[in-house]
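Those letters in the sequence shown? Residues 1 to 260, by full-length UniProt numbering.
Just to be clear, a hint being listed does not mean it is correct.
What the hints assert, rightly or not - Simulated crosslink set (EDC-like; lysine to aspartate or glutamate; CA at most 16 Å straight-line):
(1) Lys199 <-> Glu169
(2) Lys195 <-> Asp227
(3) Lys195 <-> Glu222
What the hints assert, rightly or not - Just the calculated beta-carbon pair ranges, DEER-fashion:
(4) Ser170 <-> Arg102: 29 to 39 Å
(5) Asp218 <-> Glu99: 22 to 32 Å
(6) Ala248 <-> Leu154: 16 to 26 Å
(7) Arg72 <-> Arg116: 20 to 30 Å
(8) Ala173 <-> Ala132: 41 to 51 Å
Please keep in mind that the hints were generated in silico from the structure rather than gathered at the bench. Just so it is clear, CB atoms sit at the ideal spot from N, CA and C, and this is done for glycine as well.
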Amino acid sequence: MESDVWDVARPGRAGPLSLGGFRHRTGGTVDLRVVPHPAITVVLEFGGGKLLVDDGAQHGSFVAGLAPRGVRLRGESLECVEVRLPPLAAAGVGAGPAELDRTVGLTELWGRDADRLRDQLSEAGSWDARFALVEAAFARRLSVVPATDPEVSLAWRRIVRSRGLVRVESLAAECGWSRRRLWDRFRAQVGLPPKRAAKLVRFDHAARRLATGASAADVAAECGYTDQSHLHRDVVAFAGVTPGRLAADAGFAADRSAFA
């Protein structure tokens with residue numbers, strides 16, 4: 001699948017991970033917005049240029065949790081595989097949710113394994129081969145992820161299935177916990193309190209609808225916002241741009257096409 005700026009690849013078969021492959025078509029300078037979504041994001045870079053994350057640090061491949069506002073990438077000749085993991089599987093990247101309140105270089109977490117994987121991705125002859133390498137690398141790490149509280153898992157599933165519209169005040173009663181206990185355990189294991197997580201899930205659904213060309217007014221009504229101004233505030237808060245600019249962003253469109 002292609003956009004005007006990006007070649008986008010998706011696995012040819014269903015696998016255990018949500019994966020997308022990206023190559024900048026011109027090989028020139030990239031200024032890319034990575035919009036928040038309700039997943040742990042791992043960007044595995046293997047192109048010929050340097051990749052800088054928005055703070056200007058030389059990250060190369062990196063991990064971002066649910067908390068960071070829209071991450072901005074700059075570099076040249078960008079080629080990468082993006083992995084999305086459920087937040088309850090954060091331990092699979094070698095960090096807890098609390099440690100992912102910022103972007104973290106993958107080498108900081110994986111050491112030489114990160115460099116080894118980068119070399120393998122660069123040498124692979126196809127996207128399917130790269131996806132297989134990534135699946136193998138994560139299979140080993142995800143196999144030892146500790147179990148999470150079933151109550152937290154239940155609360156997260158309810159938030160996702162409702163597209164962020166569940167009344168979070170009712171979640172504690174449904175889980176059989178006190179409100180404080182659920183809030184504390186949820187934040188420790190997901191990385192956000194339940195109300196913020198619900199807002200992120202609702203925003204993600206709204207952003208997907210905007211990417212299809214739906215009007216801001218229709219998206220606001222469909223996604224449970226009070227009005228169009230409410231949607232505008234949420235999009236700016238999470239993505240740093242207006243709904244119109246988000247919908248027109250080429251990098252955002254490519255990202256959505258990979259994870260449709």
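*Quick check: which numbered hints come out false for this structure?*
Those not satisfied are hints 2, 3, 5 and 6.
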